[in-house]
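Chains as they are written, first to last, in the numbering used here: chain L, 1 to 156; chain U, 157 to 312.
Warning: the hint list may mix true and false statements.
[To be verified] If you want a taste of the chain U side facing chain L, the calculated C-beta under 7 Å gives, among others: (1) PRO197; (2) SER224; (3) GLY230.
These are computed hints drawn from the structure, not numbers from a lab.
Just so you know, even glycine gets a beta-carbon here, dropped at the ideal spot from N, CA and C.
Below are the chains, spelled out letter by letter.
Protein chains: 2
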Amino acid sequence: MSPAPRDIAARTADALSALTAPAADAWVATASADGTPHLVPLTIAWHDERILLAVEGRSLTARNVVTSGRARLGIGPTRDVVVVDATLDRCVPVDDEPSLGDAYARQADWDPRGDDAYVFLVLRPVRIQAWRDVAELEGRTLMRDGLWLNSPTDAA
Amino acid sequence: MSPAPRDIAARTADALSALTAPAADAWVATASADGTPHLVPLTIAWHDERILLAVEGRSLTARNVVTSGRARLGIGPTRDVVVVDATLDRCVPVDDEPSLGDAYARQADWDPRGDDAYVFLVLRPVRIQAWRDVAELEGRTLMRDGLWLNSPTDAA
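Based on the sequences and whatever the hints tell you, model everything.
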């Protein structure tokens with residue numbers, strides 16, 4: 001027997017916990033223009049309703065996101081997932097916007113600042129879903145078109 | 157301090173353990189023809205040097221893989237990963253090849269057989285990489301062009 005499905009308030013709180021956890025990682029899926037999927041684990045930060053990634057500007061992930069404007073992220077173990085569809089807000093050299101570097105270094109367990117090969121990909125979540133098992137597939141959407149369906153008051 | 161990087165024999169053994177573990181899941185990245193990334197967690201089975209996925213034939217994952225012929229899978233926690241680039245060997249209704257259904261049901265914790273909406277995606281690994289941290293990025297490639305670099309004798 002599965003436990004009872006969480007309601008949207010609980011899922012939203014859990015999703016924000018996962019997004020804001022120290023040293024949180026995501027599996028980051030992107031695609032090249034010819035439809036080749038790419039997937040790497042990267043450490044994230046949650047800042048100002050955006051997800052920050054720090055990657056080398058020449059990396060395949062950076063090039064795919066800059067070209068397509070899109071990424072899809074999976075956070076959490078595979079049976080307690082948060083899945084985020086995001087669009088690229090902006091791509092910024094890591095030393096250009098102090099607030100980004102501060103937020104990233106505060107949450108992540110490394111700090112890319114000072115390495116001019118690195119950029120922040122500032123991703124805007126458009127859709128966020130969260131589920132644990134088949135019983136939670138219904139009601140898994142927490143954000144749609146960039147708007148929280150549950151309006152969490154604790155969203156940073 | 158990181159522990160010493162594993163050698164290729166240890167990484168290959170660990171990767172095969174991850175691929176053959178009971179109820180093993182993967183994050184499965186695919187892309188549509190217009191370059192939109194898709195990513196979902198799915199339970200895998202390792203059979204005859206192939207990775208089996210069981211999905212609804214109408215799912216976005218199935219449609220993307222059948223169209224593009226490609227998937228990239230991430231297995232393991234984000235700091236002990238196995239990453240597999242794979243091509244589609246074949247797409248088979250779940251009741252058509254008993255050896256596939258037997259292998260999937262033996263390793264996975266569910267059995268799709270009897271549901272004619274489901275297909276097995278039989279994926280051929282082309283490249284397999286494994287790493288835990290930055291110190292293991294060097295030497296992360298275990299399979300290239302479909303060939304194990306370490307020729308594991310225990311590969312099923």
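Okay, the hints, checked on the actual structure:
no., hint, verdict
1, PRO197, "4 Å, holds"
2, SER224, "5 Å, holds"
3, GLY230, "5 Å, holds"
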